[in-house]
Amino acid sequence: MATYTLKYVEKKPLSFSLQVLAAAGGFVGLFVGAAQSTMLNGVIGGAVLMAVLGVLALSVLDEKLEKPFRWGVILLMAAGGWYLGGLAGLIVGGLFGWFFGWFIYWIGEGRYRATLLPYLTPGQVLGHYTFRVVCGLIFFFLITPIVVVMPLSFNAENFFTFTPKMLSLDPEGYSLKHYRDFFTNPDWQQALWNSVSIAPVATLLSVSFGTLAAIGLSSEHVPFRRAIMAILISPMIVPLIISAAGMYFFYSRLGLQGTFWGVVLAHAALGIPFVIITVTATLVGFDRSLTRASASLGANPVTTFFRVQMPLILPGVISGGLFAFITSFDEVVVVLFVGSAGQKTLPWQMFTGLREQISPTILAVATILVGVSIVLLTTVEMLRRRSERLRGLSPG
Amino acid sequence: MSDTTDTGPVLAADGTPLKRSLNRALRAQKMRALMLIAPLLIFVLVTFIAPILDMLFRSVENQIVSNTLPYTVEQLADWDPETGEAPGDAVFAALYKDMFIAAETKRHTRLGTRLNYEQVGLSSMFRGSGRQIDDFGKDQIKALEKLDNSWKDAAFWYALMTGGEGAEGHTALLNAQRVRMATVTGDDYDGDIGFVPGRAIAALLPETAQAYTAFALFTAVEDEDVVAEEKPWEAVKVALIRDLQAGADVAGYDGPGAAELRAAQELAAELPALDFRQAFTASDKGWSDPETWRTIQIYSPDLTSGYFLNAVDLKQSADGIEPRPENERIYIKLFKRTLFMSLVICGACIVLAYPVSYLLATLPMRTANLLMILVLLPFWTSLLVRTSAWKVMLQQQGVINDVLVWLGLVNDAGRLVMINNQFGTIVAMTHILLPFMILPMYSVMSTIPPAYVRAAKSLGATNWTAFWRVYFPQSVPGIGAGSILVFILSIGYYITPELVGGTTGTFISNRIAYHISSSLNWGLAAALGTILLAAVLILYWAYDKIVGIDNVKLG
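Those protein sequence lines, which keep their order, are chains E and Y. Counting along the first sequence from 1, when you hit position 13 you're at 12 in numbering that gives the first Met the number 0, and nothing is skipped either side. Counting along the second sequence from 1, when you hit position 442 you're at 441 in numbering that gives the first Met the number 0, and nothing is skipped either side.
Calculated from the structure, these hints are not laboratory results. In this text the structure is predicted, and so the values were computed from the model without any measurement. Quick reminder that beta carbons are idealized off the backbone N, C-alpha and C, glycines included. There could be a bad hint or two in this list.
[Claimed, not checked] Listed next, the stretches of chain Y that the computed footprint assigns to chain E, with coverage defined by at least 3 CB atoms under 8 Å from CB atoms of chain E: (1) 29 to 38; (2) 49 to 55; (3) 90 to 104; (4) 149 to 158; (5) 342 to 355; (6) 405 to 413; (7) 493 to 504.
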């Protein structure tokens with residue numbers, strides 16, 4: 000791609016640029032105006048402002064003045080924001096200024112064509128960017144709820160929503176009290192402790208059984224392979240409520256209902272499919288001649304397993320284990336039924352909290368859990384890459 | 000080739016035919032593989048498959064009626080509901096025996112609750128009669144005790160029923176009663192109770208011996224008391240009077256308490272016969288209603304289709320299977336709603352996932368990997384975190400409403416109701432399940448060679464034709480895989496609908512949970528669960544056909 004010499008970047012006619020800029024300004028002005036309860040003024044003001052800025056940037060000022068001009072737009076809009084909405088307005092205004100400063104030149108100088116094929120029609124260019132915007136909105140939909148939770152967890156009030164003080168970025172509107180509550184409240188601490196004591200045991204069980212079985216499944220001649228696979232994967236497919244109901248009935252017959260081991264066994268069963276799937280996937284690329292080579296050099300099967308096979312499939316085993324861990328750590332339906340008050344886990348505590356709307360401590364917990372999941376995600380991703388590198392599937 | 004056929008079968012190094020030798024090696028390999036799989040397979044079978052099978056069994060199991068009312072069920076088998084009258088006295092006498100034990104062991108309320116699912120009002124009927132059953136035959140018992148104080152004496156009764164020191168014991172009767180008490184209560188009635196009914200007295204007073212043995216078992220096992228020191232139940236005395244009135248031959252009896260028995264028989268001859276029908280009807284009018292008996296008769300077999308019929312809004316009645324009354328039909332509606340909402344969620348996921356997957360598949364590797372984080376982060380984030388996030392977003396005092404009010408699009412009084420209804424469930428679940436759609440779609444789309452679309456365009460196809468005729472068909476497997484996955488997951492979802500669904504946005508799984516933990520109608524919960532499970536298994540089978548279970552990819 001870098002070898003293209005023909006670039007379709009050229010200055011656009013002012014009439015086109017101004018129309019686009021005014022429309023964009025009007026669109027944003029609509030919301031700013033609506034917030035000030037004068038929608039019409041907002042639209043007109045936004046459109047006029049953008050048109051004026053466009054004329055200034057594209058025809059009056061010299062091209063070399065681009066940088067100072069963009070700073071000027073940022074300052075201007077930040078000042079406007081300050082006037083309308085205080086400190087928060089200043090920041091939002093500044094961001095808008097940064098965007099529009101870039102946008103004016105992007106449109107006016109035709110830079111939007113830079114990365115596109117030169118023969119595209121204007122309609123196709125518009126379609127391309129519309130598609131990008133739509134995708135952006137979908138990503139926004141995916142990520143916003145998780146992001147919104149974070150600032151709310153620092154709320155000084157016991158609300159689930161932004162207070163005016165928070166919006167005006169007043170330090171008094173923020174506090175760590177929900178985190179303090181989480182770390183001092185015995186209920187939450189007990190729940191945390193239960194979660195971190197159940198999940199590792201369940202993970203250990205599913206990883207040790209699962210890895211062995213995956214190795215067995217990956218050998219060439221396994222009778223009833225499909226049926227066995229279907230049974231082993233079924234805990235992932237059967238709706239949790241059905242698993243929970245069945246386990247509740249069955250475990251109470253065995254006297255396991257309401258015990259630590261009952262919950263551990265249930266969670267181990269739920270984690271097994273993940274271990275099976277990840278480990279068999281790792282074994283697909285496993286070179287069997289390595290074990291033969293090891294055997295021919297005099298290693299017994301156990302040594303071969305631990306010294307040759309295990310190090311190679313370890314990334315798969317670990318990421319399967321992480322999946323199993325997060326399954327148990329995040330699981331609430333089964334523990335609700337199979338556990339009793341003594342096995343109240345973190346998700347269970349959150350579930351009751353959400354049902355009864357008690358306190359934003361839940362949001363503090365949620366933020367901490369998002370942090371945990373980021374760490375896990377990074378680990379799994381790194382392991383995947385390492386595994387692919389080890390098996391020579393990708394050069395990187 | 001001809002060489003080998005000439006020299007017979009090919010031989011391995013040790014002289015055995017190669018074919019057999021290979022087979023043996025293969026068998027060893029198979030065994031090794033199975034040995035590796037076996038621990039996990041057993042583990043899953045015990046911890047997971049067995050519970051599911053147990054649940055399936057529960058959906059048809061109905062032993063509570065025959066367990067709690069064994070004698071009644073036996074007597075009731077001959078009753079013909081077509082007569083339009085309540086059954087005969089023998090049934091009521093049997094009912095008294097059963098109900099007394101049930102009331103002592105507190106099992107009658109459970110049975111009442113069970114039968115109440117089929118006919119409203121039976122629960123209170125069983126409760127009321129159970130409360131009053133001690134008073135049945137009160138006058139007769141009083142008369143008996145007035146006649147001779149020894150009828151109030153625990154030790155006297157004990158001596159009478161054992162037949163004295165060294166009398167021959169009737170262990171068969173004792174064991175039969177052990178089984179009976181064990182089936183009624185579900186507890187263990189083994190072990191020495193310090194009492195064995197005498198064979199002579201059991202032959203003379205069969206009903207009394209039966210009732211006393213049951214009492215002795217209950218006293219020794221449940222109350223952990225000494226049998227000889229406890230006064231027997233009213234039921235024992237009632238049984239005695241009935242035995243005596245039935246013409247027990249006490250004249251030829253010479254065991255302990257023979258004199259008292261003879262006196263009692265004279266008294267019994269003067270007393271009016273005990274009318275159980277009248278007594279039960281007095282405690283609750285429902286007992287005279289043939290409909291009640293019909294219900295008990297219909298549900299006396301050990302297996303029932305009643306829960307399944309209930310789960311699809313039908314019921315068994317006198318004229319066969321018929322729909323339930325309009326106001327009781329909820330499950331079909333709930334199944335339809337579950338199906339509809341799952342389809343909407345699945346559709347929304349397809350619409351949202353397709354462009355994103357396309358973008359990720361066409362962008363350069365580096366950018367795609369960065370954007371992939373935005374997909375994987377929600378995927379890895381706790382389900383409850385995401386549900387609470389949507390609660391925060393959608394509430395009336397929540398973020399979206401606040402923004403709308405701030406922008407002036409909605410005024411403060413007219414805040415949108417976006418939670419605790421179908422909309423809330425659909426939005427939150429679409430968000431939660433979207434990564435499950437994007438990931439399989441992306442993995443399919445990233446294998447589509449871009450050259451095909453370019454070739455189509457170079458041959459004169461418009462953008463749309465190139466996409467629709469060339470690209471889209473190649474991406475269909477991804478859509479299929481993702482949709483089945485999302486559909487399977489959404490159809491059985493519980494947590495999110497429970498938290499953001501209110502009353503109109505709940506799924507069948509919420510109803511199942513309700514029946515397990517609140518209404519305690521486990522049979523119905525199991526039946527609903529079985530239907531749901533069947534639906535999911537069909538989809539699972541389809542998924543296996545289309546995608547293959549081995550090809551499930553994570554992350």
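In ascending order, which of the hints set out earlier in this document are inconsistent with the structure? 3, 4
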